[in-house]
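Student: We have chain A; now place chain B onto it with these hints.
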Amino acid sequence: MFDKKKETSLLQGLWLFFWASLSISCDNTLNNFEINTVAKPLIVLNARLVARQTPRVYVGKIWGATAQFPVETFYRNADVELFADEKSVGKLFLKDTLYINPNYTIKSSVKYSIKVTVPNIGFVESEPVLIPPDGLLISATYDTKITVESTGNTVRNPCLVTAVFKKLSDVAAYSVDLIGYNDEGQLICGYNNLEIGGRTIVKSPCFFETETPYIDLLGNIGSFKFGKQAFVSKCIDTPEKEVKLMADLNSYGFTVPSLDPIKRFEIPNPINKIIVSVVTISKEELELAKSIQLVEGFTSALSEPYPTYSNIKGGLGIVTGYNVSYKILYIK
Amino acid sequence: MLRIIYILAFLSLPVFSFAQKVTLYGRVTDEDNDESLINANVFLVNENKGVQTNQYGYFSITFYSGKHEIKCSYSGYKPFILKKDFLKDSIFTIALESIQLNEVIVKNESIKDDKPVGFTNVPIQQLKKIPMVLGEADLLKALTMTPGISAGQEGSAGLNVRGSNPDQNLVLLDEATVYNTSHAFGYLSVFNPDAIKNIDVYKGAFPSRFGGRLASVLDITMKEGNNQASRAELSLGILSSRFLKEGPIGDKTSYLVAGRLMNTLLLQLPTHIKTLTGGSVDGVPSLWFYDINAKINHKFDDNSQLFFSIYSNYDYYKNVTQASGNSNNVGLNWGSITSSLRYNKIFSNKLFGKASVVYSNFKYQLASESTYTKINEKITNSYDLTNTIRDIGIKTSLEYAHSPSFTQRIGLEHTFHLIAPGQLEITKDNVKQDVSINQNVRIFSQESALFLENEIAPLSFLKLNIGGRVSSLSVNNTTYTNFEPRLATKITLNSKHGLKFGYAQMQQYLHQLTSNGIGIPNDIWVTATEKVPPSRAIQIDAGYYLSFGKDSQWELSVETYRKKFTQLIDYQQGSDVVTEFNANWQDIIVKNVQGLAYGAEFMLQKKYGKLNGWLSYTNAVSQRQSPEINKGEWYYARYDRRHNVAVVLNYQLTPKWSFTSSFVYQTGYPVTLPEAAYKDSDGYVRLYYSGRNNFRISDFHRLDIGATYNFKTKKRQRDAAWNLGIYNVYNRKNPNYLEIDGFYNSSQLSIKQQSLLPILPYFSYQVKF
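Chains A and B, in that order, are what the protein sequence lines are. Our numbering puts the first sequence at residues 60 to 391. Our numbering puts the second sequence at residues 3 to 771.
Keep in mind the hints are simulated off the structure, nothing from the lab. Check the hints yourself; a few may be wrong.
[As the list claims (entries may be wrong)] Derived, one-sided and incomplete: chain B residues facing chain A with beta-carbon distance under 8 Å:
| no. | residue |
| --- | --- |
| 1 | Gln-575 |
| 2 | Ala-678 |
| 3 | Ala-679 |
| 4 | Lys-681 |
| 5 | Asp-682 |
| 6 | Leu-689 |
| 7 | Tyr-690 |
| 8 | Gln-750 |
| 9 | Leu-751 |
| 10 | Ser-752 |
| 11 | Gln-755 |
| 12 | Ser-757 |
[Unchecked claim] Label pairs and their calculated CB-CB ranges:
| no. | chain 1 | residue 1 | chain 2 | residue 2 | range |
| --- | --- | --- | --- | --- | --- |
| 13 | B | Thr-375 | A | Asp-242 | 43 to 51 Å |
| 14 | A | Cys-265 | B | Pro-629 | 25 to 33 Å |
| 15 | B | Val-560 | A | Phe-128 | 46 to 54 Å |
| 16 | B | Thr-382 | A | Cys-265 | 29 to 37 Å |
We treat Cβ as the ideally placed atom computed from N, Cα and C, and that holds for glycine.
Bound-form chain B, shown alone:
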């Protein structure tokens, strides 16, 4: 521990000192709505130095006093230039003017590529254009078009980043952890694109301010609410609709409320009426979900701001079979609530601080109920399995900008977790059973972290982000402590070429136990305990970047990575928490799974122009090994995708008409299937499995196209748009899950590949008030 403190102390030593200098500090905002802009460039033209705004739009740049030209730029906004004689420290809010909706995206002058290796930030406007299921813009699904990120399978929840499990992604919404990222079994992500301002994705070289997960960080920021003018948006689709309302409350406060609702009721309305009136129905599914975002932002003065945001999502699924007074219902519902209260303060020209209280709650419930009538008595048998995780935490950090070449961040976080891995209730013949049959009692744990991050540019061509994170988890009478060193470097070879390297160690204290079956995933969150140690990972990555073409509008990037996991957990073969409801989850898992993931990612991007977009290709391998699984031999992880190709093209035909298309190809995911059949000693036919994940389901590929027609409404001249498109243009039957028929000793086995989403046209109408 003492050694760790020495290292942190060393890292915190200022490497330069400056004299007779002035500092310009403040925020960069959108002129239209006063939203702070994240990662905007503030550039000192004559000294060829610059800084980027932080997650809260704050910047601080120090330079010698005198006449200077300051240029501020941000993608999708007109550059701002300030020429002034700077004689003393000054606070300044730079309000950038956005490019009008129908303007072709113009080049972004003076933007220096300060992105670390493994970092992805695609502008929300660009992500929103990528066509998705039923025309619903989906930010997380759109991210799967970028290298190294893939969706598990069509209809599966979560993202797989560089061969990792979905639970290894830290998803933060306004700093609160979001445990569930999927609606409708994964067909749509839970984030309403209308309410989201920015998504930063770190796939490697994680800054030390982030921790607690092994694979990636998705740092999502909600819009703050327009404090200039009230406005509303309404979008109506076939199955889903959404709305947004934002505006000022007085001079210093603004708000935002956004919501989405989807209901499949209309699709099967006659059948649902029959169900409600007690008619005979066989396996009628119903699904609906909603999500709602709300945020209030109060600006006390130029130096301090208070934010309160709350977010809730909920999914409900039920499958009903009923006949002659008997019924059989299977239900699944899950939902999250997150909330954060944050206070931002500019303490001085160089010191920025923030403190947040965050709350997160996730609940998953699987229920089954069957009723029948026996001698005029209604008999009910049911079970109800619930998994909940509840966090309340405090996060504080300080950011000190010593100079344009040196910024330090230090922070402290403490989170209380309350986890109920698998609470079970059983009713047998109308009698509620003793729930002590299930031993998965609630677990209380505390996770803490102290981090230090140094952004240093010791040489004009070299930039470093070096730091460390000390994290710990206390659970029952056990405490795990860990030091996680982090390093990201960038070497600028010249204005066109650059090299990047990253190194990171991560520790994860919370896990998601994922069933390995071929059907519906049944995943529960659990914590490290005295029996189950936390998981660890070490990642090394490197990248090469090249800009070329007129105005450097083309960019080519190549990144490679190698990641080693230890102490992962998995179910024992043949086990899962539902079929073994009378066992404690800690007794039906394998704890010493190790993993290896490596790969190369390529991306060719045309950043602006009438025709823009990108081509990405990832070649990746992800494997796991445990002495207790697959006879100790390495096997491909469920998230192994050898080849991933994505093409995204946007074309602005006229100011009114724009077109977009996307194509994605992925190698099929590994699945455990029988290789052969044979007769056993009793003459029964049995199946032979040569190993875990020994087969691959068919490859996945799909082409989507979309068109948008923007116009003004005739009477009130409101901005409106028609969105029209086709999902899965060539009607590819992509695999969703496998269905088994036959095979009970005498009949031939048949494996059917179920595809759920055929070619699907969509349209929606959007109007802004």
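If we strip away everything but chain A, and leave its shape as in the complex, we get:
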């Protein structure tokens, strides 16, 4: 029924199949996992409302996670309305990529919210956010007659700046910042927060990194995206907080922040003006910073991604409020 000859043929056939399989097995490629479309379009609403500044609001689109970025990431046809203490203060109009109202400035100690309608897409509104009161920075002094034992970095021309600010209610954290200028008006960075130092602050209960705006010589808000160290309110147990910052008057200079990438250069003259600023950070900003510092995305293969914080009902993004207090120190 199954003779020797058939058995040999079967064995030969199996071996042939075996070797053919072996040659195919060497070719193994990756498959793409594509998420090119979104199940439901969502409106992104972003605004950082700063006391004494005009409101600037971004109304954005979402797109499939693996899709190509759209040419325009914002909606041109959005109806954007700003509310102060639940009363409308008017509509905002599109200029370039943002919705603005040049005739209105954000006021301190007021709660703001924004409502947005995009035709055929939907409606979103932000949770009300409070702009903290003014007069935050109490004092700022400096001392150049100091010696540096060790701050972790080489300090060529040390200048110890001491800032004292008020602890306010409804403020989640405070970012204390120094911006230096020399005679040429070059913007110069480089300081060390002595309390925080080089400590790892990811997930620290008392400190975190934020990207708050900076203040230029005219008191305007810039958007310099450097991680700044912030003090969390709940860890401040006195009505006033003193912060010591070590600046280097012979620090390196940086190109204008709007140019990307930022380049470092040696400065011809040392710093002779320092702006000391304290920026309030709302609980929304703190939540956002925490969620970003957690594993958002794929930085760790071990952890599940953490969703980015949003205070937009029905949409994505964040609306948050700031107040900024600053003093200029003229270095002699």
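Tutor: Showing chain B alone in chain A's frame:
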């Protein structure tokens, strides 16, 4: 507590009493090697009553004195018939003759289906035939071809039983708990099929003698060692090899030693030589593992036996990058040692007892070390995370066979656990850091259980297994106590049809914390503590069984189940024990996760004949919910597989040639992926996640085929076999894990699905000495 004692007392009341009866008791064994046979049927033909042997091959059957025909049968063995005038109690060892290797499996006469609902027992010989990776027979992976059991994903460790987590399976090897069941990141299970005699799987209606897990019990028994003749087996494969040696030591003692070794060294030999000689290499992986089983069995007399078994497995993985004297190594190794010393005693014709001391140790280590040279000094930075769990326990039980209709079991167990959830050592710039940074100190706990189990057949068509288990855990100054009622019923409608129901409550005191990332799993064992309560589950299941065809060679079964979990634990979103090494694990978990799993399982089986095998289909749902995860909304568990299909076919073409094939299909597992991208308030592009496990990875399916050619060696006439086969015949690129490319603010996100095992032919040669 008093109420529980009343219930136990009630359950322990004998419901029948008998007079002028005789008892036949003893063991059922394999004639060739004296191995005891588990779940063999001992049947009283003229009274249409029977019993099954227990886990140790012991039986006791009581009947009216007089002339009787006793039939004993067991799958893969020729039935044994004893006709005798039974006038007094007698002890008897029934030695069954196995069907020869090349014989077609014959029907198993007089086997009564006494399996409870949710119970699976596939003969080891049948499981060994199912083709697996590189031709290595894999008993646990083969079980995933049965309904309700699935592997997490290709390359993931553990089994998922009815939508449960892998840590919710109680895996016992000779009564000792095995915490790690996987070699090589899950590609192979740790049990050497040559050394295993039997696997019983309980997916529901757990007998009360088992406890401590929520999902299933895998009760694995190691072979005892041939006490009739010495023999050896050697199998050589491309990457792995295995051996077995067993035989008698004198008249009363037998032994067994079996081992396996796999090493990928040969695959990349030139690269490894380059690594050893200090050459530049980029990400060279090396992986090897071994496992070894040993058992000694001493028979004092027909009534008492002593067993000592020891089992060890170990996996080592290292990835090396080195160039110009600098190096970066990531290593992962894990291993278990289990051991048990058991004494079995037949006290009387109706009373069987056993006492065991069991030991189990599991260690998992993740280490990373980078070295570089700075001004002629070698600088080393490293971290080393270790998770260990060590148990020592005592288990005792008594089994009393009142009659063929009523058997009682009572037992007491006590286990000491020592758990080190995450011991960390850090070296920074050659300086060993203060390890107190890691707060995961050792935890000592004691787990106890008292159980009572009653197997009762009050009516000819009704069989019950009713019982309860009182368990407790003492940890620090906290004690958790729980009563777990258990019930399994079987209603025989007629010789072809049957209905089964089950109810069980379970409590689990040990958990495995599993990361929810999309990469390599990093799982640690932890215990319930004063902060973390034990998990609980309630399961109800029901089944219908039908035998049909000539000699009832076909069997159809349908089972449904519904399981509710409470107090499960999970990592907080964005947390895991490695990235948060300075936190105590108890502070980075969510404790109040609840779960729901339900489904239906179908199995059509042709049990014997030239062509035999089965088709199974499971439709299942498994979900989880916690106020702290996914905005409080229910989400699919990582172990949710909606559709599972498996087909296993065996064909005996000639006495020498046999063929086997298996096909498996599973719905892709859920995974958390970004649904969309958008710009944030700083102009950065961010990812939007609509919820946990919001996507499913691609479906998994695979066809494997294998052929075996059995023959005798020319010179010494030894039994030998060539095994030849192909894994993943149509080269399906099944997903293993996801790899992310791009997406740093300006570049487009790209998600790549990594497949590891393409079409893989295999062959091995096996010879028996």
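Student: So, against the hints stated earlier in the document, which numbers end up violated here?
Tutor: none
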